[in-house]
Amino acid sequence: MGTGRRLSSISVNSILRNPGYCARFVVIAVVFIQLCATFNLETENRIVYSGPKGSFFGYSVDFFYNNASSFSILIGAPKANTSQTNIIEGGSVYLCPWSQDQSDCSVVNFDNEGDRSFYVNDVDVQVEFKSHQWFGATVRSHGNTVLACAPRYYWRTEHDAPFSDATGTCYLSVDNLKTFVEYAPCRTERHGPAGQGYCQGGFSADFTKVRQLVSATTEEIVKAYFPSYFLLSVTGQIQTRQANSVCSNVFQMGSYFGYAVAATDINNDGLDDLVVGAPMFMQRGSDGLRWEEVGRVYVYLQQRPLLFEPSLPPLGGSQAFGRFGSSLAPLGDLNQDGFNDIAIGCPFGGDDQQGLVLIYNGHASGLKNTPTQALAGQWASGTFPASFGYALRGEKDLDQNGYPDLIVGAFGADKAVLYRARPIVNASASLTVQPTMINSEEKSCMVVNLSFCLSANGKHLPADLVFMVEVQLDHLEQKQRESSVRRTLFLDSHQPSLLETITMANGGPTCHDTRIYLRSEGEFRDKLSPIYITLNFSLDPLAQLDLHGLKPILNYQTTHIIKQKAQIQLDCGEDNICVPDLKLAVYGDRTEVYLGDENSLTLTFNARNEGEGGAYEAELYVVLPAEADYSGIARNNALTCSYEAENQTRSLVCDLGNPMKSGTSVSGSSWTNCFLNSNGALLSQKELFNVAAAVCVSRPDKLLFPPPNWRMSPSLQEEQDVGPEIQHVYELVNNGPSMISQSVLELRCPLKSQGHDLLYPLEVITQGPLDCSSNHTLNALKLKVRDRLTHIHTKGTAYIILPQALIPDTVLTPVMWNKPDSQYMVPLWIIILAILAGLLLLALVIYVLYKLGFFKRSNPYGTAMEKAQLKPQASSEA
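Counting from 5, one number per residue, gives the positions in the sequence shown under this note's numbering.
Calculated directly from the structure, the hints in this document are not laboratory data.
These numbers were taken from a predicted model, which means no experiment stands behind them.
Cβ atoms here follow ideal geometry from the backbone N, Cα and C, with glycine treated the same way.
Check before you lean on any hint, since a few could be wrong.
FRET-style restraints, in silico, Cβ to Cβ [stated by the list, open to error]:
(1) C457 with G406: 24 to 30 angstroms
(2) V657 with P773: 54 to 60 angstroms
(3) T563 with Y591: 54 to 60 angstroms
(4) L503 with Q652: 32 to 38 angstroms
(5) Y536 with Q652: 54 to 60 angstroms
(6) L503 with P773: 40 to 46 angstroms
(7) S54 with S87: 52 to 58 angstroms
(8) N180 with H516: 31 to 37 angstroms
(9) D356 with P56: 20 to 26 angstroms
(10) P818 with Y591: 42 to 48 angstroms
Cut-off 20 angstroms, straight-line C-alpha distance, at most; resulting in silico cross-link-like pairs (PhoX-like, lysine-lysine) [stated by the list, open to error]:
(11) K400 with K463
(12) K706 with K756
(13) K463 with K587
(14) K463 with K555
(15) K855 with K786
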């Protein structure tokens, strides 16, 4: 116990740490690794205990067996204020009785006194200092015995010395927290290392399996205790000397190897093994340059007494500054597989440094290298990290359900959390399908027998287990031009799936038999794909809780999805594998088709299967161009065809057979572009041709020349100086499906008329893979031109045919000659004369209206008599 040169060995877990260090941690958040599925520690119904704010409640935790039937929880709060006189943050230990309604915690009064003093020469000298002593930083229990320590307790070593030493002190109770005795093995009269002056006794402590404190027996401590004596001699107290350890020179300087130590039998060989944490172990980051502090945990398997061999590789943290390995707790056999498990704390890991606790399962070679469960803190960091996982304690079955539980402290949030383990169900299922080869042509073979069995076992399971079992019959992904699912099988209920709730008594096994049927061929087309029957089972989430308020959980390694497959018997020989060879020949009654041609085009096709076995889902597609109208199909064979239109695509689909048997030949006549398709078959031949056209327009479609206010400029600099613009747009359209590989578009324009210049060729703008040339220089005067849209462009598709000829076409731009502006100008004298004539006419109209009395207006109130009659009557007459 302690960090001095001589150790008073009170602890089997002498840990090199200092409570004061935690205030100097640098925390950086990085998202943690993706972990396995949740295992059997219950996270939804965890029980949370809270302490006074800022008390570091949860800094240490332990179970306490307070009577013959139940456990409670001990939680240390080393910065809690107490009722001790003149003591600031002396620290407390809380007792929290366990119940599902989260009972309140109460303070255990180990020490009610304030700082004690000693009279020297009639002078009262204070000899101890309990403020900020961190009482409760260490709490350990064994049966009804409890030890709680204050490692920062200060003792004045000599009465005339002005200084004091952090000797630390502990209190021990051996009778269910009724009486308490003090035990301070480092408290002496001498200052300095020789007097254990910097021992910090109680920094860590533990009990051995034979109810013995490592440095002294509990009986000798109680026997030697006398309240009025500060310095006590305990018979049999052991002082340790420097000893060998499991540490070797392979560990990096400053990794804090040994910061946490735990002993438990991991590989079930009867010998305790050793787990050692190094939370500040560093490794190179992903960039290979900087070093990241990730932490490590080393496992040492005890081969024979006191001979430890390392189990490689060590467990490594993956989050920088997460402090992986800061705390360790043996859990006992959490999953009841015969091997003990370990909880490892990563108090500054997880999202927002909320803290993580990782559960690792034991096996014959040590600990598994990946965790089976991660417990995450729920409290965000404030001024101080929540430190969830800084304190861990397990290996006790608090609710008596046969599985050990775990306590996790988060002293930065003043919380402690109890996680209870749920019963684990080891379940297995089997699925049988007979026959696996279904002959759709024989009615008796269209019936399939399906059988599944379910069994379960485990420790401390409820008497009845409720399972949900679902059987899906051939649920496949969407296939082209078919419904969203493909259903080939059905039950007696005509449903494609079976859902049952099975209650299994004492683990079963329970079996179920049923018959399923193949649908008629007209209800599905896909005969090639395997028919999968899938069984999926799980525990019923709505089942009742067990006697302890928990629900069992399936072992995370359970295979809960089982698949079997069957196939439809094909006409493909003994190996049931078809190798079709489809051939298509297409002939047209014309070699060229042009836009605007009203004559019909007839395509004659012949499809045949020359391969081994049938071609299943064989179809003929006839794709119709937008310029063509479908008129019908002449059937030489019995073809089933349907006309389909989707968006801008129009097609004719003909069913050639399912299967189209080997040697079969189908022919007919129809419109335009054709190609074959068969599920699982490649085409060996395609004969295609195209429809191509040239569309020509003039912009504008007619022209007035010369335009208004236009004058020929003596110096031509810009294109508008020459005259109005005429655009001829030629659009070469290929409606496929074949590509025109070597076609030529030739344009001829008249540049002169009657010996005078008519057109000035300016430029040609193209889109598409065109290569244009001219025998006349374009824009010979190099006039400045404006940006404009494309004048010539083409469209094409990824098919290849021979060149096709185009019909010659003519684009006309009528020119209407405009008269000069001067011919339509009105002389000024005529305008002035018209204005004067208008004014004279207006004056004449006004005079005539005046003579007719139009401007006279009558008085609205009439004569004076009429006005008098309008006055109000006297008030006497009112």
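Evaluation of the provided hints:
For C457 paired with G406, a C-beta distance near 27 angstroms keeps the hint of 24 to 30 angstroms intact. Hint check: V657 to P773, Cβ distance near 33 angstroms, so the stated range 54 to 60 angstroms is violated. Distance hint check for T563 and Y591: the Cβ-Cβ separation is about 59 angstroms, which falls inside the suggested range of 54 to 60 angstroms. Checked against the hint of 32 to 38 angstroms, the C-beta distance between L503 and Q652 comes to roughly 44 angstroms, which is inconsistent with it.
Between Y536 and Q652 the beta carbon distance is about 37 angstroms. The supplied range of 54 to 60 angstroms is therefore violated. A C-beta distance of roughly 60 angstroms is found between L503 and P773, which places it outside the suggested range of 40 to 46 angstroms. About 20 angstroms separates the C-beta atoms of S54 and S87, a value inconsistent with the hinted range of 52 to 58 angstroms. Distance hint check for N180 and H516: the Cβ-Cβ separation is about 55 angstroms, which falls outside the suggested range of 31 to 37 angstroms.
In this structure the supplied range 20 to 26 angstroms holds for D356 paired with P56, their Cβ-Cβ distance being about 24 angstroms. At roughly 45 angstroms, the beta carbons of P818 and Y591 sit within the given window of 42 to 48 angstroms. Of the supplied pair hints, the one linking K400 and K463 holds, its CA atoms being roughly 16 angstroms apart against a limit of 20 angstroms. Restraint check for K706 and K756: the C-alpha separation of about 18 angstroms stays at or below 20 angstroms, so the hint holds.
At roughly 66 angstroms between alpha-carbon atoms, K463 and K587 are farther apart than 20 angstroms, so this suggested pair is violated. A C-alpha spacing of about 14 angstroms is found between K463 and K555, which places the hinted pair at or below 20 angstroms, so the restraint holds. This hinted pair does not check out: K855 and K786 have alpha carbons roughly 76 angstroms apart, beyond 20 angstroms.
Of the numbered hints given earlier, the model fails hints 2, 4, 5, 6, 7, 8, 13 and 15; all others are met.
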